[in-house]
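*Asks:* Letter by letter, the chains look like this.
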Amino acid sequence: MKEAILYVLDFKWAHGMEEGGVRILFIAFFAVVLLFALRQDEDFVYEGAPDRARWRDLRIWAAGIMAIQIVLYLAI
Amino acid sequence: MGVSLSGIDHLVFIVYLVGVLALGLYLTRSVKSSGDYFLAGRRLPFWAIGMSIVVSDIGAMDMIGLGGAGYRYGIVTANWDWIGSFVAMILAAFIFIPFFWRTGVYTIPEFLGRRYNAGVRGVHSTIWLLILLFDIGAVLHVTAKFMDGLLGWGYWVSILLLAFVIGVYMIGAGLSAVVLTDVIQLIVMFVGGLAVVGLGLWKVGGWDGLTEKVTALGHERHFELYRGPEEPTPFPWTGILFGLGMVMSTAYFAGNQTIVQRCLGAKSEWDAKASMLVGALLKTFIPVLVVIPGMLALALYPDQVPADDPDQAYPVLIKNLLPPGLLGLMFAAFLAALMSSVDSILNASATLFTKDVYEPVVTWVRARREAAPPDERELLRVGRVVTLVVLISSVATASLSDRWSGVYEFIQTMLSVVAGPTLAILILGMFTRRATQWGGLAGMIVGCLTAFVLNLEPISTSLFTIESGEAFLYISWWTFLLSMLVVGVVSAFTKPWPEERIAPLLWSSRKRPAAASEEKGR
Chain X
1 MKEAILYVLD FKWAHGMEEG GVRILFIAFF AVVLLFALRQ DEDFVYEGAP
51 DRARWRDLRI WAAGIMAIQI VLYLAI
Chain D
77 MGVSLSGIDH LVFIVYLVGV LALGLYLTRS VKSSGDYFLA GRRLPFWAIG
127 MSIVVSDIGA MDMIGLGGAG YRYGIVTANW DWIGSFVAMI LAAFIFIPFF
177 WRTGVYTIPE FLGRRYNAGV RGVHSTIWLL ILLFDIGAVL HVTAKFMDGL
227 LGWGYWVSIL LLAFVIGVYM IGAGLSAVVL TDVIQLIVMF VGGLAVVGLG
277 LWKVGGWDGL TEKVTALGHE RHFELYRGPE EPTPFPWTGI LFGLGMVMST
327 AYFAGNQTIV QRCLGAKSEW DAKASMLVGA LLKTFIPVLV VIPGMLALAL
377 YPDQVPADDP DQAYPVLIKN LLPPGLLGLM FAAFLAALMS SVDSILNASA
427 TLFTKDVYEP VVTWVRARRE AAPPDERELL RVGRVVTLVV LISSVATASL
477 SDRWSGVYEF IQTMLSVVAG PTLAILILGM FTRRATQWGG LAGMIVGCLT
527 AFVLNLEPIS TSLFTIESGE AFLYISWWTF LLSMLVVGVV SAFTKPWPEE
577 RIAPLLWSSR KRPAAASEEK GR
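Keeping their order, the protein sequence lines are chains X and D. Heads up: the first sequence is residues 1 to 76, going by this note's numbering. Heads up: the second sequence is residues 77 to 598, going by this note's numbering.
Any given hint could turn out to be false.
[Stated by the list, open to error] The list that follows gives simulated cross-link-like pairs (lysine to any residue, SDA-like), each with its CA atoms no further than 20 Å apart: (1) 289/D <-> 35/X; (2) 395/D <-> 81/D; (3) 395/D <-> 308/D; (4) 12/X <-> 306/D; (5) 221/D <-> 202/D; (6) 343/D <-> 49/X; (7) 587/D <-> 308/D; (8) 587/D <-> 41/X; (9) 12/X <-> 308/D; (10) 343/D <-> 52/X; (11) 343/D <-> 48/X; (12) 12/X <-> 102/D; (13) 587/D <-> 12/X; (14) 343/D <-> 51/X; (15) 587/D <-> 570/D; (16) 587/D <-> 25/X; (17) 343/D <-> 35/X; (18) 587/D <-> 39/X; (19) 12/X <-> 33/X; (20) 12/X <-> 81/D; (21) 343/D <-> 43/X; (22) 587/D <-> 35/X; (23) 279/D <-> 402/D; (24) 12/X <-> 108/D; (25) 108/D <-> 454/D; (26) 343/D <-> 55/X.
[Claimed, not checked] Sample of chain D residues at the chain X side, in silico, Cβ under 10 Å: (27) 285; (28) 316; (29) 322; (30) 382; (31) 465.
The hints are simulated quantities; they were obtained by calculation from the structure and are not laboratory data. Computed from a predicted structure; not experimentally measured. Ideal Cβ positions, reconstructed from N, Cα and C, are used throughout, including at glycine.
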């Protein structure tokens, strides 16, 4: 029983996992967050902005930031 | 190690201090109410807030500590500023910050109090006040020790000088001084940091030279971003992804008063959201400023950094690399990192006390006597007095941090104790109308108590193989899940608030026009 608890709590199931698999997990996490940001409604994204200029679209900002990180986590 | 500054270094240092002081004093003129003091009158632009978030997040000792970790472990340390920031900041920008801003709250506990009840507000604000009060004394102490050791100014001269400068602009101008001086501080930090990295890379022969020299020293894994949980490392990918990336960082950027308060002072909801994204972009460069210097010290001066004290890596590098003038700028950058941390903590603790303790208690007492609640001017006065009292008591107790080494562990433990439960009740409180006030209170208390127990030394070492002292990465993840479960179970047996009370606080209301609540918040 104690072993089973430790297996879960201490992430023993992840011991020895290949780096390729770990990389996929990280990128999948980033992709989910990116998808969430991109799916935001336009009215909500621009709420409070003085105009609807393209550069104020925060979904594009989020995509740019996430792209940098995805490249970093794939390259290093 | 001591460093002797030249005349030009002192000049750069003094110009920086006088500039910050003058800006702070100038801003004092515009403060007329508690809204001006605590939220800068809600006039702050996104770029200033974004810069302020980054510089407040990185203290002088973080620069030293992360430089030391870069020296010892390499690029894996960058995870703290990459996955430990940008995901959380994007989520904060689109989920949490707009709602905090819309509701016109001053503090996170105030938001939790509206969504749940006064109990949740009380528990959360008490824990955060404790963290902040211990933190400010500890930050003053370690930085004064650092400045004394490096410049030979003397411990008490260093502390009193820092406290005087910070006190003058903080007590007068509040959040606007915090944010706008942070803008200067970030520029100084980036210029100083980039100068160190640029000179270091030039001397080592570029990135290829750095890789070659570090690898030749037997540290070929210094250029890997992932470490396995079975390895003896404080940065296993499991802790980085689940603990840091999913829970601790999100709780930090959405539930930490020192960070969120400046977003609440944004001039519009769009500025509040955009500020987090500006911060996320700037955070990408922080490892370049703090981790790479550690690796440069390893490549260039491996014999000068004591084996048992890798935190000397950054000081060794700047002592050897920087010419007069830039050395003064680098010390100004260290001072900037310190001052931005201290002024943020001061402002957050004064706001928490005034808005979450003084205002509700005094309002309640006066209501019983049928007297008027405290007005804006009274709250402004209280905020300034609390700022002064916290600063004086922090100076008086700073040296105790040396006698009680557990103070740093206590702060880290408390941060990990509160992270999981805070994120759980924030998420459930915003995404489901079914989370009840008693569910929120139970989730907060059970989560915090469990995290505290799991952090105790014999228990944490028997449960987790992660390097000693780093178990909080796993603990925050598991207590986050536990708190979600507790909120769910207790909420299933208790009655939720009526729709009209919580509707504006729910994620489902995001497409509603925010004009009404914006007006309320102003």
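*Asks:* If a hint holds in the structure, say so; if it does not, say that too.
*Replies:* Results of checking the hints against the structure:
1. 289/D <-> 35/X: 40 Å, violated
2. 395/D <-> 81/D: Holds: residue 395/D and residue 81/D sit about 10 Å apart, inside 20 Å.
3. 395/D <-> 308/D: 32 Å, violated
4. 12/X <-> 306/D: 8 Å, holds
5. 221/D <-> 202/D: 29 Å, violated
6. 343/D <-> 49/X: 10 Å, holds
7. 587/D <-> 308/D: 48 Å, violated
8. 587/D <-> 41/X: 8 Å, holds
9. 12/X <-> 308/D: 14 Å, holds
10. 343/D <-> 52/X: 17 Å, holds
11. 343/D <-> 48/X: Status holds; Cα separation ~9 Å.
12. 12/X <-> 102/D: 57 Å, violated
13. 587/D <-> 12/X: With Cα atoms ~43 Å apart, residue 587/D and residue 12/X exceed 20 Å; violated.
14. 343/D <-> 51/X: Holds - the C-alpha atoms of residue 51/X and residue 343/D are around 14 Å apart, at most 20 Å.
15. 587/D <-> 570/D: 29 Å, violated
16. 587/D <-> 25/X: 32 Å, violated
17. 343/D <-> 35/X: The hint is violated at about 28 Å.
18. 587/D <-> 39/X: Since the Cα atoms of residue 587/D and residue 39/X sit roughly 13 Å apart, the hinted pair holds (cutoff 20 Å).
19. 12/X <-> 33/X: Violated, at roughly 26 Å.
20. 12/X <-> 81/D: Judged against 20 Å, a Cα distance of about 52 Å means the pair is violated.
21. 343/D <-> 43/X: 18 Å, holds
22. 587/D <-> 35/X: 19 Å, holds
23. 279/D <-> 402/D: 16 Å, holds
24. 12/X <-> 108/D: 57 Å, violated
25. 108/D <-> 454/D: 11 Å, holds
26. 343/D <-> 55/X: Holds: residue 343/D and residue 55/X sit about 18 Å apart, inside 20 Å.
27. 285: 18 Å, violated
28. 316: 9 Å, holds
29. 322: 8 Å, holds
30. 382: 28 Å, violated
31. 465: Violated, about 36 Å.
Hint compliance for this structure: hints 1, 3, 5, 7, 12, 13, 15, 16, 17, 19, 20, 24, 27, 30, 31 are broken, all remaining hints hold.
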